Amino acid sequence: MTTRPLAEAKWLPATLGLGGIAVALLLAELAIRMEWLSRFIVPLPSDVLMSFERIILEEDVLSRFLATAGEALAAALLVSFVGVALGALLHGNRLLRRACESWVAGLAAAPLVLLYPLFLVIFGRNALTIVMIGFVSGLPPAILKTVEGLSGTRKVLLDVGRSFSLSPSQLFWKIRFPSALPVIFVGVRLGLMFSLINIVGVEFLINFGGLGQLVNELAERYDLAAMYAAICFVILVSICFFIASEKLERWLVS
Amino acid sequence: MKLNLLRLAILGSILLFWEAVAASGLLFRDVVPSLLKIASALGHLGVNADFYHNLSATAGEVGISLAIGGSIGVVAGLLLGGSRLLGKSFEPYIHYLGPTPKIIFFPVMIMWFGIGPGSKIAMGAISCFFPVALITAAGMRQIDQVLIRVGRSFRASTWQMVTKIYFPAMRHPMLNGLRLGFGVSVIGVLLAETKLSNRGLGFLVMQSYSQFDMPGMYALLLVVFALAILVNAIISRLGGLAVSEI
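If you read the protein sequences in the order shown, they are chains C and H.
Residue 119 in the working numbering sits at position 119 of the first sequence; the count goes up by one each step and never skips.
The working numbering runs 1000 ahead of the 1-based position in the second sequence.
Bound conformation, chain H alone:
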């Protein structure tokens, strides 16, 4: 009860402060628009078919990039985690390339995949690959050796080892990797859309910027943040379920 009251009080104070700044005229006109204008822009977004068209474009690009980057990352992680030699040889490069700013590869992706959705998907896939590969490799090394010995004692084939031992034992780290991969692939796709695109939520944000439609930009940013946090929470919840099921 106290907690909810405090949360409401904090939110209320922030909104009141925002409204006061908007009414004061201290900042440039419309840089801090009134809450009413932002709510109205949010309402417009909700009934705007163009918004859903762009949302589906971004969602499609993120989904495909996650599928491509995630699956390549899982395979690479399995190889690196499964072989000590490969892990020691190549994992340091992935470890150190992981935190580099991926957006600088965008000109290269444009050269390779064109200015359409291909380059955005590639950006998302590159961003997603590194966390998925590193977490899968770490997860692979943490599998209980007893499980692996049990599988071998039953003379399980490689495919059976992967599907019956490795994958079930690694559901949690893999989902965690996908959660992180999702976060960075959203960033990769959206940033690529802001740089060069004619569709997607990143494009819409830049359109609002170029038209100085500040309430529209705030509304879009709120929707993007809310969606990203929501999907992240859903994958985290799935990861939690996987742990309890193991």
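Here chain C stands alone, though its shape is the one from the complex:
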């Protein structure tokens, strides 16, 4: 009876969430200072906080961020164009769609990022390998959602188009594609999320590129506080990206 009005108070959940995190950090600080936790395994949260300045000034985090963003952008463009084109191709041919849709769904469930050693052989240890991993891993959701979006066009809209004697191409560009855009964007957004996760992951694994490489380098240097700060930075970048893409999706849907 008493928790319901409390839960509806706007300030309480935010305070409880942030307060919970702050308390957890304070407890960690205390446990490390009291030597219940080894500071050679878990650095002091205050040290991690202080290391942010160091990774920004000394580790050139901005250019690393731009490197990762550039790879993500290249993968995003590939995912958007190729994924939407393949989705439209599958939607346009019913038999081809029935033959291939389950294969694409199967690929979405496969750990495609494990192809990175193969891509290292084919493309070498460079940004192209990272972009291609991002592209391949982001492709299945973009294709599947494009097919779903184009198939979900309301019949009344198509009938209106036909009553105006639109050609198949006009019907696609003026009716099907615009009405499917919100669902297509959901697929592209999912694809981008997978791409970004795998891009940073492969950067870390092959020690090349931007933010993933930074985490790996700091781990190899055993600079624990800076490594934790770099991990926090990657998380912050991911969260900002996801919030921005969610807002864009909501705007498109509305």
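Just so you know, these hints were derived from the structure itself, not from any lab.
None of these values were measured; they are calculated from a predicted model.
Incorrect hints may have been included.
25 Å max Cα-Cα, derived DSS-like pairs, lysine-lysine [stated by the list, open to error]:
1) H:K1088 / C:K10
2) C:K10 / C:K247
3) C:K247 / H:K1164
4) C:K155 / C:K174
Using the hints provided, position chain H relative to the given structure of chain C.
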């Protein structure tokens, strides 16, 4: 009939194209090995005891990580879905942490759990926790309120509510969460094995890479993909059965 013919034609075209590229020498030698070599490598894998040893290592790590991450995820999901205040306070953090690249936590896991299977299991468990927790919390909120009121009107205890109402009503979302959790925990474990390990399928893939055994690498990747898709399909099928049984 037409469908199967088309599928066969597509597969045949891909294989023919592959063989033509392999024979043409357009790419570096062995980057695209002939299908015969890949089939032979697959055959070798099938009779290689070392492969089964590594497969069982990976399967064990994935299974334990799924059990740990999945059960913690279910408990967290029940708490977040069961309390509006807790859900509003902490679910946004899980929602936004979920899609971050988990592999960057691997150095931390090595510090905490060592370079053995513990760090791989931890990677799988972390990866698995987020989808399971989020889907369980969403499933909890979607339970028909009538069922909950019926349970309360019979004065069911908390344990009885969980086992008689919540769990049966949530089998489908929980299995769906486990299916997604399985997919990401496989990725977490395999990637961790490729980075630092001396056993497991990820280790075998890196061994093939370092020895430039391309047919072996293709064979391994095919087996890993096939197994991941197969288990995913089995859990999906189980999820479907659960729906019909409810």
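(request) Against the earlier hints, flag every one the structure doesn't satisfy and list their numbers going up. (result) 3
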